[in-house]
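Those protein sequence lines, which keep their order, are chains A and B. This note's numbering numbers the first residue of the first sequence as 433 and each following residue consecutively. This note's numbering numbers the first residue of the second sequence as 11 and each following residue consecutively.
To be clear, the hints were calculated from the coordinates, so they are not data collected in a lab. Check the hints yourself; a few may be wrong.
According to the in silico footprint, chain A covers these stretches of chain B (three or more CB under 8 Å from chain A) [as the list claims (entries may be wrong)]: (1) 51-61; (2) 110-117.
The following label-pair restraints were derived from C-beta to C-beta distances [to be verified]: (3) A:G448 with B:T15: 35 to 41 Å; (4) A:R441 with B:E71: 26 to 32 Å; (5) A:S498 with B:D36: 42 to 48 Å; (6) B:E66 with A:G448: 50 to 56 Å.
Computed from a predicted model, the values in this text were never measured in an experiment. The beta carbon of each residue, even a glycine, is placed where N, CA and C say it ideally should be.
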Amino acid sequence: DTGVSQNPRHKITKRGQNVTFRCDPISEHNRLYWYRQTLGQGPEFLTYFQNEAQLEKSRLLSDRFSAERPKGSFSTLEIQRTEQGDSAMYLCASSPHRETPLHFGNGTRLTVT
Amino acid sequence: AQKITQTQPGMFVQEKEAVTLDCTYDTSDQSYGLFWYKQPSSGEMIFLIYQGSYDEQNATEGRYSLNFQKARKSANLVISASQLGDSAMYFCAMREGGGDKIIFGKGTRLHILP
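Looking at chain B on its own, in the form it has when it is part of the complex (with noise of 0.2 Å):
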């Protein structure tokens, strides 16, 4: 069963305007992680954001915020102001708690448009 689910293959968002990308997961522990992972068409995985599930607040990192709803099991990023260096793969990630497994969900393509 997939555990991170990814619902957006692909988007167009216009420079400037904020952008939601959408994660839901499933796990059945009370202790997890969830990360977010920018890959550009160069190929390197770069680390945006974490929270964890017992973080009260919501994670923000400069212009990425995770909106974290934990009765509903999501985890949408928000990218505020989009430039065109956005442009990538974004990749939602969750640690389940019993142990250091990460598993990835399949991505969403993003395209800022000028």
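So here's chain A without its partners, still in its complex pose (with noise of 0.2 Å):
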């Protein structure tokens, strides 16, 4: 179990640009999530993937979001067009069950300047 990892840890992007993150989730764990956490705030749902299946994706996402896991192991997160407010840390979490705790990655900060 080497955990849930995220790459890059940092990323400082230009307004207009696109970025790409990657979370690699504990192996075998079928359940993916993102989520965007600022400043002083909880967690902040973005979807998540059942194996490849996408099931839910907040409706607070513009179309500017989009993610993909396509083979039910790693997951991507793409923002096209960045704005300042993607300023953000990007969590990557994943579970094995229902019942079972979210394991959490160490993040993706992205700055938009």
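Make the complex out of the two chains shown on their own, each in a separate frame, by following the hints.
Okay, here's the thing in structure tokens:
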């Protein structure tokens, strides 16, 4: 169990650029979640997958956000045409079953200048 | 509408005292799960304790216990004998019965004073 891995740890980008983050969950965890967290706030749900199927996506997400989990293992989160309001910590988490807690990665901190 | 409410943005507690962090939730489901997480200044999210809606006993994990009052829809976290290392943000979270979506409250920042 090597934990949930997220890359990169930090990303600085200019407004209007596209960015992509990667999450490698704990192996054999079939549930994978993405959250966004701003300073002093709780994690805000973005989307989650069960295996390769994206089962729910937050209505808060604009069409600029997309997530994939093509083979039911790692996942990517892409933000197109970034805006300053996208600056946040993006957290990935995984779990093996519904009743089990989420295991979080250390996050990717995005700064949009 | 807020589904998880944590009414205490910040708390200061003397070391070795017990502390209760409040959490109320809103759901119409009969089956749901409640979680508490700790987030120190380093940023990692650490799972503390879980309570299922059908669990009759309050969950306990070491110094952590969950005071589950189903009729009041509250799930307060109790930390006994607080330590300096307990200083952190604490988040209450809920998984609603129908799916796997887990939502978080805004958190309570706990400061343990020496």
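Status of each hint after checking the structure:
Coverage of the stretch 51-61 of chain B by chain A holds in this model, with 5 residues showing a Cβ closer than 8 Å to a Cβ of that chain against a need of three. Counting residues of the stretch 110-117 of chain B whose C-beta sits closer than 8 Å to any C-beta of chain A gives 8, which meets the bar of three, so the coverage hint holds. The hinted range of 35 to 41 Å is satisfied by A:G448 and B:T15, whose Cβ atoms lie roughly 37 Å apart. At about 29 Å, the beta-carbon gap between A:R441 and B:E71 stays in the expected band of 26 to 32 Å.
A hinted range of 42 to 48 Å is violated for the C-beta pair A:S498 and B:D36, which are about 30 Å apart. Checked against the given bound of 50 to 56 Å, the beta carbons of B:E66 and A:G448, roughly 55 Å apart, stay inside it.
Comparing the model with each numbered hint stated earlier shows that hint 5 is the single one that does not hold.
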